[in-house]
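From first to last, the protein sequence lines are chains Z and G. Just so we're aligned, residue 1 is where the first sequence starts under UniProt numbering, counting upward by one. Just so we're aligned, residue 1 is where the second sequence starts under UniProt numbering, counting upward by one.
Keep in mind that the hints are not guaranteed to be accurate.
[What the hints assert, rightly or not] So, partial list: chain Z residues that the calculated Cβ filter (under 8 Å) puts toward chain G:
1) 21
2) 24
3) 66
4) 83
5) 86
6) 89
7) 184
8) 202
9) 214
10) 218
11) 232
12) 240
13) 244
14) 324
[As the list claims (entries may be wrong)] Computed far set for chain Z versus chain G, every beta-carbon distance over 12 Å:
15) 54
16) 109
17) 114
18) 117
19) 160
20) 182
21) 316
[What the hints assert, rightly or not] Only some residues are given here: those of chain G computed to face chain Z with a beta carbon under 10 Å:
22) 152
23) 154
24) 157
25) 179
26) 256
27) 307
28) 327
In short, the hints are calculated from the structure, not lab data. Predicted model, so just to flag it, every value in this text is computed and none were measured. Just so it is clear, CB atoms sit at the ideal spot from N, CA and C, and this is done for glycine as well.
2 protein chains.
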Amino acid sequence: MTTPALDNGVAAALSLIDGRKIDHVFFVACGGSLSIMHPAKFMLDQYSAALPSDVYNAAEFIHRAPKRLTANSLVILCSMTGTTRETVAAAKHAANIGCLTIGMSTLADSPLSEACDTTVGFDAPYTTGVPIDALNSNYARIYQLVLGLAKIFDGVDKLAPLMDSLGNLQGVIDKAHARFAPLFDDYAPQLAKEDVIYTMASGANFGAAYSFAICVLMEMQRINSQAIHANEFFHGPFEVLDKDRAFILLKGLDSTRPLEERAEEFLHRFGTGDKIMVLDAATLDFDGIAPEFRGNLAPLVFFDTLWRFIYKVADLRGLEMLEGRRYMKKLSDY
Amino acid sequence: MTTPALDNGVAAALSLIDGRKIDHVFFVACGGSLSIMHPAKFMLDQYSAALPSDVYNAAEFIHRAPKRLTANSLVILCSMTGTTRETVAAAKHAANIGCLTIGMSTLADSPLSEACDTTVGFDAPYTTGVPIDALNSNYARIYQLVLGLAKIFDGVDKLAPLMDSLGNLQGVIDKAHARFAPLFDDYAPQLAKEDVIYTMASGANFGAAYSFAICVLMEMQRINSQAIHANEFFHGPFEVLDKDRAFILLKGLDSTRPLEERAEEFLHRFGTGDKIMVLDAATLDFDGIAPEFRGNLAPLVFFDTLWRFIYKVADLRGLEMLEGRRYMKKLSDY
Numbered sequence: 001m002t003t004p005a006l007d008n009g010v011a012a013a014l015s016l017i018d019g020r021k022i023d024h025v026f027f028v029a030c031g032g033s034l035s036i037m038h039p040a041k042f043m044l045d046q047y048s049a050a051l052p053s054d055v056y057n058a059a060e061f062i063h064r065a066p067k068r069l070t071a072n073s074l075v076i077l078c079s080m081t082g083t084t085r086e087t088v089a090a091a092k093h094a095a096n097i098g099c100l101t102i103g104m105s106t107l108a109d110s111p112l113s114e115a116c117d118t119t120v121g122f123d124a125p126y127t128t129g130v131p132i133d134a135l136n137s138n139y140a141r142i143y144q145l146v147l148g149l150a151k152i153f154d155g156v157d158k159l160a161p162l163m164d165s166l167g168n169l170q171g172v173i174d175k176a177h178a179r180f181a182p183l184f185d186d187y188a189p190q191l192a193k194e195d196v197i198y199t200m201a202s203g204a205n206f207g208a209a210y211s212f213a214i215c216v217l218m219e220m221q222r223i224n225s226q227a228i229h230a231n232e233f234f235h236g237p238f239e240v241l242d243k244d245r246a247f248i249l250l251k252g253l254d255s256t257r258p259l260e261e262r263a264e265e266f267l268h269r270f271g272t273g274d275k276i277m278v279l280d281a282a283t284l285d286f287d288g289i290a291p292e293f294r295g296n297l298a299p300l301v302f303f304d305t306l307w308r309f310i311y312k313v314a315d316l317r318g319l320e321m322l323e324g325r326r327y328m329k330k331l332s333d334y
Numbered sequence: 001m002t003t004p005a006l007d008n009g010v011a012a013a014l015s016l017i018d019g020r021k022i023d024h025v026f027f028v029a030c031g032g033s034l035s036i037m038h039p040a041k042f043m044l045d046q047y048s049a050a051l052p053s054d055v056y057n058a059a060e061f062i063h064r065a066p067k068r069l070t071a072n073s074l075v076i077l078c079s080m081t082g083t084t085r086e087t088v089a090a091a092k093h094a095a096n097i098g099c100l101t102i103g104m105s106t107l108a109d110s111p112l113s114e115a116c117d118t119t120v121g122f123d124a125p126y127t128t129g130v131p132i133d134a135l136n137s138n139y140a141r142i143y144q145l146v147l148g149l150a151k152i153f154d155g156v157d158k159l160a161p162l163m164d165s166l167g168n169l170q171g172v173i174d175k176a177h178a179r180f181a182p183l184f185d186d187y188a189p190q191l192a193k194e195d196v197i198y199t200m201a202s203g204a205n206f207g208a209a210y211s212f213a214i215c216v217l218m219e220m221q222r223i224n225s226q227a228i229h230a231n232e233f234f235h236g237p238f239e240v241l242d243k244d245r246a247f248i249l250l251k252g253l254d255s256t257r258p259l260e261e262r263a264e265e266f267l268h269r270f271g272t273g274d275k276i277m278v279l280d281a282a283t284l285d286f287d288g289i290a291p292e293f294r295g296n297l298a299p300l301v302f303f304d305t306l307w308r309f310i311y312k313v314a315d316l317r318g319l320e321m322l323e324g325r326r327y328m329k330k331l332s333d334y
């Protein structure tokens, strides 16, 4: 297979960045789009010594008004539809300060793209209903941006192995669907009965755990949840664990995996097996993904496969996925 | 009242910092001690253009190994007892890299203080059982460190009004206890019956909401919880809100207050009044606190007063506060 080319939108964004003084990166979004900013920062943390960064909810970003936000800041924003009010407002706020702004959206023409210096597009099956190639996903695009930054500011060029890996990612996800299907069949009947399901992860996977908790369990199935960091678990949250409590643990492949392993051991020691669902990326076939990026890409594999799981759960609960929403896209005056 | 002197431990730490090249601050801890790092970063964000910073759980910090962590980093760690394994390990990890390390602990002589270049002490009533003056609290000490950094690296000297404010803080807390007592009496019977209670806040208050959720509700009363960011609420979590759902909202005085106000409006629109407890710092008497620091100090006032509330709840539930713990301080092999 030939190495896929860098996305055009990413290439255009990097050409705006190159030669410019940038001393801080702000990753800014809301909800599910904010969740991809956590793994983006994780990757930047591990590849760039030059660029400090922050991840902020868009409204927090505007009102906090960090002093580090200057004309030398790069602000990367994301909104699936490009219409999220707070994120569009954050782009305008950053533009007023003179920052370079990159808007990520599934639509080339949106309020977010209008507010930003340049736009990076991506595909999402949940907006179009059409299956996508993971090469065109939000994770794939933001990782290209992050490693583009590392190339420009740190002289570390890892884009070729990243692109090779992204080109093979959809195959990995397809195999993961098959691998996890029996697990999902086993766990769906029990977890469909739960009022509270915690998700847990660390490192590159925390964003996926966060998104599954707030945008899927809470938003679409009204199941109480929290994404618990796998080590923070031991500093308070673990006291809610007993034989009745349900958890979904993501065991990834990044350098924080030992934290998730420790949490797993504790969950199995004091929880009930059929209420503790563990997705272990080490059981998947990551052939074609460069070893150094497996940890970064595991969360997308988890999140994509977990949609199959939640549809099973929704079916058993008799609450259609998008019908779980009472307020989002139904109310306009809030 | 005369201006209280800078704490001796803080002064010693600042003298180590002064004249040294520092290009990044890492705030590192676990659980309740991690929760104070969020308002510390909030303050640094608003007072320093020179210093980027990150807040990390101690185990995440070690395993993530951010490239920005170098001999030019300042690492501020906190553990109430100074014995938290991950935090002590993080201090050693940072010391090996050649970072300057400041350990905050209630004990002058602890594994954390041994691992760090210098120690800042503080008082906590929950370890000693003896009431303290808030001038000696963890918030008071870390804020002195943060504004000391702003003085050294940004030339912004706000230490005198901060110290004046800290000197008056205990009086504010004492009056807040009296002000919130009837509210707590009203809400305790209903909230004591709940299996799930969410906490919510933004900006300087998020850490207090986080700590109350994980270290108090979950850890000590086994009540399911999550600290929801007041704007993230609208991007998923709000779908769990209905007439049955319990929330505790902190309305502070920092620049993100409009986010908390918007959340309050929504909570009251779709929730049930006696399950939505709102602590509004604007109803308190902050006399003696400089207006610019009221937002920074509100979370300590909230957290301190909420202890009164949870003791009432614990009493009604028949689960003594520290008896809620099944694992912490009871198991040693995890």
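Status of each hint after checking the structure:
no.: 1; hint: 21; in the structure: violated (14 Å)
no.: 2; hint: 24; in the structure: holds (6 Å)
no.: 3; hint: 66; in the structure: holds (4 Å)
no.: 4; hint: 83; in the structure: violated (13 Å)
no.: 5; hint: 86; in the structure: holds (6 Å)
no.: 6; hint: 89; in the structure: violated (11 Å)
no.: 7; hint: 184; in the structure: violated (22 Å)
no.: 8; hint: 202; in the structure: holds (6 Å)
no.: 9; hint: 214; in the structure: holds (4 Å)
no.: 10; hint: 218; in the structure: holds (5 Å)
no.: 11; hint: 232; in the structure: holds (5 Å)
no.: 12; hint: 240; in the structure: holds (5 Å)
no.: 13; hint: 244; in the structure: violated (11 Å)
no.: 14; hint: 324; in the structure: holds (6 Å)
no.: 15; hint: 54; in the structure: violated (8 Å)
no.: 16; hint: 109; in the structure: holds (23 Å)
no.: 17; hint: 114; in the structure: holds (21 Å)
no.: 18; hint: 117; in the structure: holds (22 Å)
no.: 19; hint: 160; in the structure: holds (20 Å)
no.: 20; hint: 182; in the structure: holds (29 Å)
no.: 21; hint: 316; in the structure: holds (19 Å)
no.: 22; hint: 152; in the structure: violated (15 Å)
no.: 23; hint: 154; in the structure: holds (8 Å)
no.: 24; hint: 157; in the structure: violated (15 Å)
no.: 25; hint: 179; in the structure: violated (26 Å)
no.: 26; hint: 256; in the structure: holds (4 Å)
no.: 27; hint: 307; in the structure: violated (15 Å)
no.: 28; hint: 327; in the structure: holds (6 Å)
Of the numbered hints stated above, those contradicted by the structure are hints 1, 4, 6, 7, 13, 15, 22, 24, 25 and 27, listed in ascending order.
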